Amino acid sequence: MSVDVAAIRAQFPIFAAQDRPFHYLDNAATGQICAAAADALLRYETTARANVKRGVYRLADAATTAFAEARAAIAAYLGAAAPDEVLLGCGATFALNLIAHALAPRLAPGDAILVSELEHHSNIVPWQMVAAARGAVVRAIPVTEEGRLDLDRLDEVLGARTRIVAVTHASNVTGAVTDVARLRAAADTVGALLVLDGAQRAPHGPVDVRALGCDAYACSAHKMFGATGAGALWVRGDLLADLPPFLGGGEMIRRVTIERTSYAPPPHRFEAGTPPIGAVLAMGAAARWLAAQDWTALAGHELRLTERLLSGLAREPRVRVIGPTGLQGRLGVVAFAVAGVHAHDVCQMLDDFGVALRGGHHCAQPLMDRFDVAATARASFAPYNDTADVDALLDGLAQTIRKLA
Amino acid sequence: MSAAMYNEAIVTAARDGRHARRLPAPDRTVTCDNPLCGDRVTLDLTLADGRIAEVGHKVRGCLLTEAAAAALAARIGGTAAAEAATLLSQLRRYLAGDGPPPWPELAMFEPVRAVRSRHECVLLPFEALAEAARLPADGETA
Chain A
1 MSVDVAAIRA QFPIFAAQDR PFHYLDNAAT GQICAAAADA LLRYETTARA NVKRGVYRLA
61 DAATTAFAEA RAAIAAYLGA AAPDEVLLGC GATFALNLIA HALAPRLAPG DAILVSELEH
121 HSNIVPWQMV AAARGAVVRA IPVTEEGRLD LDRLDEVLGA RTRIVAVTHA SNVTGAVTDV
181 ARLRAAADTV GALLVLDGAQ RAPHGPVDVR ALGCDAYACS AHKMFGATGA GALWVRGDLL
241 ADLPPFLGGG EMIRRVTIER TSYAPPPHRF EAGTPPIGAV LAMGAAARWL AAQDWTALAG
301 HELRLTERLL SGLAREPRVR VIGPTGLQGR LGVVAFAVAG VHAHDVCQML DDFGVALRGG
361 HHCAQPLMDR FDVAATARAS FAPYNDTADV DALLDGLAQT IRKLA
Chain B
1 MSAAMYNEAI VTAARDGRHA RRLPAPDRTV TCDNPLCGDR VTLDLTLADG RIAEVGHKVR
61 GCLLTEAAAA ALAARIGGTA AAEAATLLSQ LRRYLAGDGP PPWPELAMFE PVRAVRSRHE
121 CVLLPFEALA EAARLPADGE TA
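Residue numbers (this note's numbering), protein chains in the order written: chain A, 1 to 405; chain B, 1 to 142.
In case anyone wonders, no lab produced these hints; they're calculated from the structure.
Treat the numbers as computed from the prediction; the structure is a model and nothing was measured.
Cβ coordinates follow ideal geometry from the N, Cα and C atoms, glycine included.
Some hints here could point you the wrong way.
Said to hold, decoys possible - Partial list, computed: chain A residues near chain B (C-beta under 7 angstroms):
#, residue
1, D61
2, T64
3, I253
4, R254
As the list claims (entries may be wrong) - Negatives, chain A to chain B, calculated, CB over 10 angstroms:
#, residue
5, D39
6, T65
7, P109
8, L247
9, E251
10, R255
11, A264
12, G273
13, A339
Stated by the list, open to error - So the derived list for chain A, only partly shown, Cβ under 10 angstroms to chain B, looks like this:
#, residue
14, R58
15, A60
16, H268
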């Protein structure tokens, strides 16, 4: 099924603002903002700006209503049972810190938290912090040569003391999509909670958190074609009701005295202070935009671009792909190393061709260690990419290798 | 919008002081705060055979909360305590635009449906009631 890329690009203001070749392939780091989200952000900040959850005047009530509607749109996109299961904050990193710290009191000395070698640092460091505070340990699911979670070796790391399994829904380096059903079944054998980092997966079509069977799910607005500075954490309703707050402050209380404080019910208990209102409204608009797309067509489109890139990279003997070389169970995120050329030099050279690539460890140093590389270059696709983007990358890469290798 | 919200029915209800008093020997007492504005409702109940017998309230709140507390107190006598949660959820749905109010007289809050930031003002006494219903006998929260 073909995709009208020009029609999609027309909905992303960045493309009309370019006066030189522009092949944006850093979507795993940040997606471009769609017009609907940009409009929501600008409209709020310039014509509808007031604080939420407080004022009773018309402008404030409209802001409160818009905020609630954004929460509902995000909840619907994630497949939540109710909008109030979705907590809104400043990003996926915040969301993962929130759930880690809210679950911390459930950990006893000797308990284990299971992450993986595939994780973004945002899904490792918060767990290390709460493990240190509670006397718990952090273990990691190993990764296969293909850059996938090695679930055949789960028995080596999952034990009776495992209380939390926290892994990515899709890797920000290898693009591998996690077999959540298998992981859920394994977690159930020891009664562990399952937390998913959905930052990479959420921009690629609607999520169904209930079908996934996870207990919490984090995602990031700026990767979902919204603005920077917002993110969401979905938590299963009955679990959420029992969790203590993460941050204290205004908006999250029921009553405060000098001696003690009682807390508001979810979601407000977890939303201390003024939230990133404009960014949340933009995230709501982005969620509506995402939900309105034909993801059968777009997923096929992104995978065709991935196939074209993988085929091209396979023709370069100096290139080693870090991740699956096939198309099954993966997203359009492709990391690669070039023998004799550092990833930053690859990316710098490719910038001359108008190709925007990310080079570095991608906040996944344990994975870099696993594959014994210091850094990789990474291309990542979005619906607005096309074959010209892939070809520009491959052409620029060939010239870079000839010049630097 | 504001004029409609402060309609005669609401103003009259808010001035209904019949139950605006603490009970001398309540079976259950709950104090519930609106986290957004600090309004506070204290509800005293006596129970007989699982049904609400007497009710008294003390409201430190806005006109809407006073009216909702008075409306609750005027009608709640004889209701099974177990119905409190249903009452709250139906009122919440009504304010959100979904379905009728649990009692006809609560339709006076019709103008509040369009003003989300004031929904909690109406709900607060009913939240206190629902919390009281969940308490064990002789329970009290502060």
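Outcome of the hint check:
Interface restraint check for A:D61: the shortest CB-CB distance to chain B comes to about 5 angstroms, inside 7 angstroms, so the restraint holds. The interface hint given for A:T64 is met, as the beta carbon of that residue sits about 5 angstroms from the closest beta carbon of chain B, less than 7 angstroms. The restraint placing A:I253 at the interface with chain B holds, with a minimum CB-CB distance near 5 angstroms, inside the 7 angstroms limit. Taking 7 angstroms as the C-beta contact cut-off toward chain B, the hint placing A:R254 at the interface holds, the least distance being around 5 angstroms.
Against chain B, the non-interface label of A:D39 holds: every CB pair exceeds 10 angstroms, the least being about 22 angstroms. With a closest Cβ-Cβ approach of about 5 angstroms to chain B, A:T65 is found to fall inside the 10 angstroms limit, against its non-interface label. Its beta-carbon lying about 33 angstroms from the closest one in chain B, A:P109 satisfies the requirement of being farther than 10 angstroms from that chain. A cut-off of 10 angstroms between C-beta atoms confirms that A:L247 is not in contact with chain B; the least separation is 15 angstroms.
Against the 10 angstroms criterion, A:E251 falls within the reach of chain B, whose nearest CB is about 7 angstroms from its own CB. A:R255, annotated as away from the interface, has a beta carbon of chain B within 10 angstroms; the closest lies near 4 angstroms. Not every beta carbon of chain B lies more than 10 angstroms from that of A:A264, the smallest distance being close to 4 angstroms; the non-interface claim is violated. Every Cβ of chain B is farther than 10 angstroms from the Cβ of A:G273; the closest lies at roughly 13 angstroms, confirming the non-interface assignment.
Here A:A339 stays apart from chain B, with its beta-carbon at least about 59 angstroms from theirs, past the 10 angstroms limit. Below 10 angstroms, beta-carbon pairs count as interface contacts, and A:R58 has one with chain B at about 7 angstroms; its hint therefore holds. Among the interface hints, the one on A:A60 holds; its C-beta lies about 6 angstroms from the nearest C-beta in chain B, closer than the 10 angstroms criterion. Checking A:H268 against chain B by beta carbon gives a least distance of about 6 angstroms; that is within 10 angstroms, so the hint holds.
When each numbered hint is compared with the structure, violations occur for hints 6, 9, 10 and 11.
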